[in-house]
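Chain A is already provided as a structure; the job is to place chain B on it using the hints.
Number of protein chains: 2
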Amino acid sequence: MAKRTSRRRAAKPRVSPLAHIPFRNIQIPFPPVERITQAEVETLHDASMQILEEIGIAYMDDEALDLWEKAGADVDRTSQMVKVDRTMIMDLIGKAPSTFTWRARNPQHDVIIGGNYIAFSPNGGTVFYQDLDTERRPGLMSDYEVFLKINQSSGVVHFAGEQLIVPHDVEVSYRHLDMGYAALTLTDKAFMSQAHGRIITKDAVDMAKIVFGDDYSDGERPVVGGVINASSPLRYDDRMIGGMLAYAEAKQALIMTPFVLAGAMSPITMASAVTQQNAEALSGIAFCQLVNPGTPCIYGGFATNIDMKTGSPAFGTPEGAWAHLVGPQMARYYGLPFRGSGGLNTSKVADAQAAYETLWSMWPVVLGHNNFMNHCISWLDGGLVASPVKAMVDMESLAMFQRFLAPFEISPETLAIDKIAEIGPGGHHFGTDHTQARYSTEFYANILSTRQNQQTWALQGAEDAATRAHKLWQEVVTTYEKPALDAAILEELDAYVAKRKEDLKGVELYR
Amino acid sequence: MAKRTSRRRAAKPRVSPLAHIPFRNIQIPFPPVERITQAEVETLHDASMQILEEIGIAYMDDEALDLWEKAGADVDRTSQMVKVDRTMIMDLIGKAPSTFTWRARNPQHDVIIGGNYIAFSPNGGTVFYQDLDTERRPGLMSDYEVFLKINQSSGVVHFAGEQLIVPHDVEVSYRHLDMGYAALTLTDKAFMSQAHGRIITKDAVDMAKIVFGDDYSDGERPVVGGVINASSPLRYDDRMIGGMLAYAEAKQALIMTPFVLAGAMSPITMASAVTQQNAEALSGIAFCQLVNPGTPCIYGGFATNIDMKTGSPAFGTPEGAWAHLVGPQMARYYGLPFRGSGGLNTSKVADAQAAYETLWSMWPVVLGHNNFMNHCISWLDGGLVASPVKAMVDMESLAMFQRFLAPFEISPETLAIDKIAEIGPGGHHFGTDHTQARYSTEFYANILSTRQNQQTWALQGAEDAATRAHKLWQEVVTTYEKPALDAAILEELDAYVAKRKEDLKGVELYR
Numbered sequence: 001m002a003k004r005t006s007r008r009r010a011a012k013p014r015v016s017p018l019a020h021i022p023f024r025n026i027q028i029p030f031p032p033v034e035r036i037t038q039a040e041v042e043t044l045h046d047a048s049m050q051i052l053e054e055i056g057i058a059y060m061d062d063e064a065l066d067l068w069e070k071a072g073a074d075v076d077r078t079s080q081m082v083k084v085d086r087t088m089i090m091d092l093i094g095k096a097p098s099t100f101t102w103r104a105r106n107p108q109h110d111v112i113i114g115g116n117y118i119a120f121s122p123n124g125g126t127v128f129y130q131d132l133d134t135e136r137r138p139g140l141m142s143d144y145e146v147f148l149k150i151n152q153s154s155g156v157v158h159f160a161g162e163q164l165i166v167p168h169d170v171e172v173s174y175r176h177l178d179m180g181y182a183a184l185t186l187t188d189k190a191f192m193s194q195a196h197g198r199i200i201t202k203d204a205v206d207m208a209k210i211v212f213g214d215d216y217s218d219g220e221r222p223v224v225g226g227v228i229n230a231s232s233p234l235r236y237d238d239r240m241i242g243g244m245l246a247y248a249e250a251k252q253a254l255i256m257t258p259f260v261l262a263g264a265m266s267p268i269t270m271a272s273a274v275t276q277q278n279a280e281a282l283s284g285i286a287f288c289q290l291v292n293p294g295t296p297c298i299y300g301g302f303a304t305n306i307d308m309k310t311g312s313p314a315f316g317t318p319e320g321a322w323a324h325l326v327g328p329q330m331a332r333y334y335g336l337p338f339r340g341s342g343g344l345n346t347s348k349v350a351d352a353q354a355a356y357e358t359l360w361s362m363w364p365v366v367l368g369h370n371n372f373m374n375h376c377i378s379w380l381d382g383g384l385v386a387s388p389v390k391a392m393v394d395m396e397s398l399a400m401f402q403r404f405l406a407p408f409e410i411s412p413e414t415l416a417i418d419k420i421a422e423i424g425p426g427g428h429h430f431g432t433d434h435t436q437a438r439y440s441t442e443f444y445a446n447i448l449s450t451r452q453n454q455q456t457w458a459l460q461g462a463e464d465a466a467t468r469a470h471k472l473w474q475e476v477v478t479t480y481e482k483p484a485l486d487a488a489i490l491e492e493l494d495a496y497v498a499k500r501k502e503d504l505k506g507v508e509l510y511r
Numbered sequence: 001m002a003k004r005t006s007r008r009r010a011a012k013p014r015v016s017p018l019a020h021i022p023f024r025n026i027q028i029p030f031p032p033v034e035r036i037t038q039a040e041v042e043t044l045h046d047a048s049m050q051i052l053e054e055i056g057i058a059y060m061d062d063e064a065l066d067l068w069e070k071a072g073a074d075v076d077r078t079s080q081m082v083k084v085d086r087t088m089i090m091d092l093i094g095k096a097p098s099t100f101t102w103r104a105r106n107p108q109h110d111v112i113i114g115g116n117y118i119a120f121s122p123n124g125g126t127v128f129y130q131d132l133d134t135e136r137r138p139g140l141m142s143d144y145e146v147f148l149k150i151n152q153s154s155g156v157v158h159f160a161g162e163q164l165i166v167p168h169d170v171e172v173s174y175r176h177l178d179m180g181y182a183a184l185t186l187t188d189k190a191f192m193s194q195a196h197g198r199i200i201t202k203d204a205v206d207m208a209k210i211v212f213g214d215d216y217s218d219g220e221r222p223v224v225g226g227v228i229n230a231s232s233p234l235r236y237d238d239r240m241i242g243g244m245l246a247y248a249e250a251k252q253a254l255i256m257t258p259f260v261l262a263g264a265m266s267p268i269t270m271a272s273a274v275t276q277q278n279a280e281a282l283s284g285i286a287f288c289q290l291v292n293p294g295t296p297c298i299y300g301g302f303a304t305n306i307d308m309k310t311g312s313p314a315f316g317t318p319e320g321a322w323a324h325l326v327g328p329q330m331a332r333y334y335g336l337p338f339r340g341s342g343g344l345n346t347s348k349v350a351d352a353q354a355a356y357e358t359l360w361s362m363w364p365v366v367l368g369h370n371n372f373m374n375h376c377i378s379w380l381d382g383g384l385v386a387s388p389v390k391a392m393v394d395m396e397s398l399a400m401f402q403r404f405l406a407p408f409e410i411s412p413e414t415l416a417i418d419k420i421a422e423i424g425p426g427g428h429h430f431g432t433d434h435t436q437a438r439y440s441t442e443f444y445a446n447i448l449s450t451r452q453n454q455q456t457w458a459l460q461g462a463e464d465a466a467t468r469a470h471k472l473w474q475e476v477v478t479t480y481e482k483p484a485l486d487a488a489i490l491e492e493l494d495a496y497v498a499k500r501k502e503d504l505k506g507v508e509l510y511r
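So the sequence lines, in the order shown, correspond to chains A and B. With this note's numbering, the residue at position 284 of the first sequence is 284, and numbering never jumps. With this note's numbering, the residue at position 18 of the second sequence is 18, and numbering never jumps.
Keep in mind that the hints are not guaranteed to be accurate.
Chain B regions said to be covered by chain A (calculated; three or more residues, Cβ under 8 Å) [what the hints assert, rightly or not]:
| id | region |
| --- | --- |
| 1 | 25-38 |
| 2 | 231-240 |
| 3 | 294-302 |
| 4 | 360-369 |
| 5 | 419-430 |
| 6 | 447-455 |
These aren't lab readings, by the way, just hints derived from the structure by calculation. Beta carbons: idealized from backbone N, C-alpha and C, even for Gly.
Isolated chain A, as found in the complex (with noise of 0.2 Å):
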């Protein structure tokens, strides 16, 4: 009597409807896809030292090409062009770990970070937001928060994510201590943040240092980190040193992702295209290496090519897909983790193009052994525009990799040749002990797709899945848990974002 009162007064809380998907890291248990040969990947480390030794990249920052000066390189002052040998760029990308465990406020969200191991990262850098019921418009710290709280309800999204939409409606002087706190009060996934320059990369290095309690400045357990775009072709802009510069003096994570389109920023041939990203990205991480060595340093490939109808980025391409075999190729002859994507697509809105172009873009990453599988959620219109309700499209084909990627068992149960003998020819199995032991966990069970018979789904309202996706991603923020934090860190952060917000005053920062 007194039970049944307690729990009417208790109402049960909702769960999650991803709930069922634990978080785990997840190694690949097949060797990767090699799109070339060996040889191939030899010719195309070649064609990348000719770059990197004849024509150069160019560092838009004095501090940067005074670090390559005194460390020997060949700095033209007036066209900021680097050149650098061989030997030099080897030995310094030799310092950089091959592996390393990304830590989460919540130990048991630590994220590993190379060899087969493949994690999956939300959206990053998207401008607008769009839902069912919401067209289109510029993003909102809300919305921000929405896609926090859904990746931390994932078991599926490794991290918490870093600039997962721009939040217009916050002052851009202190936007990044807004987006930070956020991420690290609201999840506790592992953190990514923006490194648009010294001042916003440090704020992001401090802040996690709080939460962390330490540093973790060995290289090996970094706590915050982000990507860096190189301005391709062949440069780094001001911007994006300073986040290196920030980044790799805390001995912090960077994803050295350069910004090659086939056609655009490099020459129209994907193999070109491969090899110019290769030599960008070796660059910008044998300069981190240069500032502080030992700097955990993931190789970032974004290569896709043209639309050469509308001159636009296309993405889940064939070509794209070739980028994210030959890039792992590549980074794995130089024995460092590679950053792909994985929800890439070009469609307005989450339909059957969302999809396939997604999936041409998931399978390839995690065939090619990518180790960092970024904008895995939320991405649309090439990546000007996040969805929830795409998130939920995504999150489903990432639950499926978790599970095919998971072990296939094969032993004298699993095999149960007595149950075959047991039911004999024109039987069905689904009344034995071996079935009915096992029904609610064999095989993966879908959160978005659906398997009702027509009649039924048509009487329940014939909802497509942009329509179920809609309603899912609400029930998923409905019953988001905040995870707790230690008040006393609680206090510090909140004094150190109310006193960083008083000194960025009127500082001019970048967007």
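For chain B alone, coordinates are given in the frame of chain A:
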């Protein structure tokens, strides 16, 4: 002046939107992804042999039982169970060719089966038709012709197709004659047909003989063939055995495909499902060799899981993906070509779910080196529905695979280091002679995807992929061109069909 007039008179025929995609036999340029070890392959082999030796397979046909008995198998006439020891099984399947060429009426459309080749075959066995203007309804002969025209127009589809859709408006007693006639006259691609009992199958062989002039019965150049499904678990029924006998007697192609849904027709574990599938497929292939040694057989895999929430088959799942990798590992162990399925999904409409489940079928099929990918286009709702809208969604990915599997060219010309030097840092490559010479051919040119900016897309009607696909398939059908056929052959074919329609009046055939 005269030229202008003549131009006006002879309006230029509209070109198929698929015209730029060539027909070619596709080779996979990297080794297969192997989900289990070679030792595990042998474990599954042993377990399968145990099934064949100790449990047996039911053959529900006296002629089949006679053949097995004569060969020395252990036949139980009451239960119809046939037990065969592994020596006999291995000896028989060793007689099947490892590779063969499935001849097409147009020799340029011949299809190579086996090795590292992969062929794309359209939907089969679907009952309902659906497009964006037409709600789901039973298929008609006119629908069947639409699908034939689409397949003929597409360079990526290797087969005319078999039972693309059931034409319910044609009398059952001569339905197969009208279907075969349409396939052989509206297309010049490789001819698949039904294998539903002796009469229907024999008619397909005889019609093919008329068109091809001979029967190519050396086993390495079949001109017709079809899919045999084991009525799993552990059973071949009289209908399928009739098909096996008629095709094998003419040494035409048989695609031996157990219908195993884990948790229903086999134990729930995928290890068990693929082992049972192996036993059933090998038994059927061995039987065909018993009928006629050297008959070309494709080892078919359809294993996937049951959705334990609804009891429906689940397609495009991680467990189905395993089967698409492990199945061909088994087939390679026996030196046999393997058939998987590419367009599988359970969605009711051509939405995101249809697309991601489809890519969750196509990618594993390609990666596992399935040699024959069936149901590549048009499938919806677990194969109940054929939709030309979905056909266009699938065609885009098939064309992308054709490109993805093409050579990745590395040469001084494609590396273009001189162009990287010429443009230097911060420039762009749009206008270089290198780009200009290649811009129309370097990248896969999409047929369905849009990469317009959002404003243009919105102005043009904000059409999602399905809406565009609905327009596209109609354009494909409008621009379809009927392939030429020798008048004498056509006359003979007409006479055959007319005569057989008389012969079969009132005869009850398999539907």
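The hints, checked one at a time:
{"no.": "1", "hint": "25-38", "verdict": "holds (count 6)"}
{"no.": "2", "hint": "231-240", "verdict": "holds (count 4)"}
{"no.": "3", "hint": "294-302", "verdict": "violated (count 0)"}
{"no.": "4", "hint": "360-369", "verdict": "holds (count 3)"}
{"no.": "5", "hint": "419-430", "verdict": "holds (count 11)"}
{"no.": "6", "hint": "447-455", "verdict": "holds (count 7)"}
Violated hint: 3 only; the structure is consistent with all others.
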